[in-house]
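Asker: The residues making up each chain are set out below.
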Amino acid sequence: GAVVSQHPSWVICKSGTSVKIECRSLDFQATTMFWYRQFPKQSLMLMATSNEGSKATYEQGVEKDKFLINHASLTLSTLTVTSAHPEDSSFYICSASPYYSYNEQFFGPGTRLTVL
Amino acid sequence: GQQLNQSPQSMFIQEGEDVSMNCTSSSIFNTWLWYKQDPGEGPVLLIALYKAGELTSNGRLTAQFGITRKDSFLNISASIPSDVGIYFCAGRRGNNAGNMLTFGGGTRLMVKP
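Chains as they are written, first to last, in our numbering: chain D, 1 to 116; chain U, 1 to 113.
Next up, chain U with everything else stripped away, as it sits in the complex (with noise of 0.2 Å):
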């Protein structure tokens, strides 16, 4: 199926520093989602985007849809261990459950103590 090209594919970053992820898509989306998903488990919603231009946070999470529907990023400031993980974008097309995600390739986050 298709994938959201996401960026970059791994990071190795120090405890503290901020950490920067971005998804782009040739099409538009109408929803955008960040996900966490660490080893042997499913993933976990952690922002939704809704609207063209939204900027929301969660803790230390920042994520934007962009203008052109056609991308996304997610931030996360002052990196701790429990960062540690992969991080998909997704993204819906429609407003409703019948359109499916699809999803970026994923980051995976490594944090050093």
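Extracted from the complex, chain D is given alone in its bound form (with noise of 0.2 Å):
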């Protein structure tokens, strides 16, 4: 049980494009999710907090117009990257906690993302 799914698994786009990617709970209701980046042997940052039916909160220094962010359900969240440039190139982790145990959050496979 406890499993979150993201897709895509991996994506490469040109400079200026927008990506989209989901991050799902699959077998468990997810009040709030999580959206964290990771570069290359760092250690995974926080961007935001999203809550279902809610504006996400963003951290500090994440440009919330251009990684926007939907919680359209309990079980789904998108995160967008908007007019996206090579320094955004990155793994975006997204996790999720159930309504049931809201101590624990299950990380999804991530999503690596390249701009071109």
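I should point out that these hints are in silico values taken from the structure, not numbers from a laboratory.
Among the hints, a few may not be true.
To be verified - Label pairs and their calculated CB-CB ranges:
| id | chain 1 | residue 1 | chain 2 | residue 2 | range |
| --- | --- | --- | --- | --- | --- |
| 1 | D | C13 | U | G53 | 44 to 52 Å |
| 2 | D | K20 | U | E15 | 39 to 47 Å |
| 3 | U | D38 | D | H7 | 35 to 43 Å |
| 4 | D | T80 | U | I13 | 21 to 29 Å |
| 5 | U | P39 | D | P86 | 18 to 26 Å |
| 6 | D | G53 | U | K112 | 29 to 37 Å |
| 7 | D | T82 | U | R93 | 27 to 35 Å |
| 8 | D | S83 | U | R93 | 33 to 41 Å |
| 9 | D | E87 | U | G40 | 19 to 27 Å |
| 10 | U | I67 | D | E63 | 26 to 34 Å |
| 11 | D | I12 | U | G59 | 34 to 42 Å |
| 12 | D | P8 | U | T68 | 38 to 46 Å |
| 13 | U | I67 | D | K66 | 37 to 45 Å |
To be verified - Sample of chain D residues at the chain U side, in silico, Cβ under 10 Å:
| id | residue |
| --- | --- |
| 14 | K41 |
| 15 | L44 |
| 16 | R112 |
Source: prediction; values computed, not measured.
All C-beta atoms, glycine included, are put in the ideal place defined by N, C-alpha and C.
Put the complex together from the two separate chains, hints included.
Answerer: This is the structure:
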């Protein structure tokens, strides 16, 4: 149980295009989902926290107009990287907290974004 | 964002050896979590600690929540090649999912068969 999926697992796009990444909790409902970014050989850095049906809370230094987050249901959150540039190339990972065990976070497998 | 101080940054050990890594913070955390991340994958939860002084095992893994609530350690006994990966500690200040996790910088473990 407590499986989180992400789609796509990797994406290559041209500079200036927008990319949407989906995060789904497959066998549980998640009241809260989190989006992280991880650069090579570095730790996970929280980008934003999203609660179903409300606006996401962004961490300091993360542009909310560039990284659009939509948490439309209790099992789906999406991250859209708008007008992507090479410096946005990174490993994006989501996590979800089950409504029945809000102390825990289960992570997705990540999405590798490469912007040319 | 803030990170926990995790050490060592990397370890290269012989198969069968025991491993120890730890995380420290200047702030108190109410929850400590240990994750393992394989290349190109998301972190997988290994052990969760909820009480100061708590000692919890998961197979060959043992982790403890420090009494001061400012530190935690993870031990791996009798390491095997599949233990290779990056281990992250993470702390949470509050007891609800609204409080974010703060991650350590990671410990890269390499095991020589």
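Asker: So, for every hint listed, does it hold in this structure?
Answerer: Here is what the structure says about each hint:
1. D:C13 / U:G53: 44 to 52 Å: holds (49 Å)
2. D:K20 / U:E15: 39 to 47 Å: At 43 Å between Cβs, range holds.
3. U:D38 / D:H7: 35 to 43 Å: violated (19 Å)
4. D:T80 / U:I13: 21 to 29 Å: violated (42 Å)
5. U:P39 / D:P86: 18 to 26 Å: holds (22 Å)
6. D:G53 / U:K112: 29 to 37 Å: Hint violated: Cβ distance 51 Å, outside 29 to 37 Å.
7. D:T82 / U:R93: 27 to 35 Å: This hint holds: roughly 32 Å between Cβ atoms.
8. D:S83 / U:R93: 33 to 41 Å: About 35 Å separates the Cβ atoms of D:S83 and U:R93, which means 33 to 41 Å holds.
9. D:E87 / U:G40: 19 to 27 Å: holds (21 Å)
10. U:I67 / D:E63: 26 to 34 Å: This hint is violated: roughly 41 Å between Cβ atoms.
11. D:I12 / U:G59: 34 to 42 Å: holds (38 Å)
12. D:P8 / U:T68: 38 to 46 Å: Once the Cβ atoms are compared, 43 Å apart, the range 38 to 46 Å for U:T68 and D:P8 holds.
13. U:I67 / D:K66: 37 to 45 Å: holds (43 Å)
14. K41: Cβ of D:K41 sits 8 Å from chain U, so the hint holds.
15. L44: For D:L44, the interface hint holds, since the closest Cβ of chain U sits about 5 Å away, which is under 10 Å.
16. R112: holds (7 Å)
The structure fails hints 3, 4, 6 and 10 (numbered hints given earlier, in ascending order).
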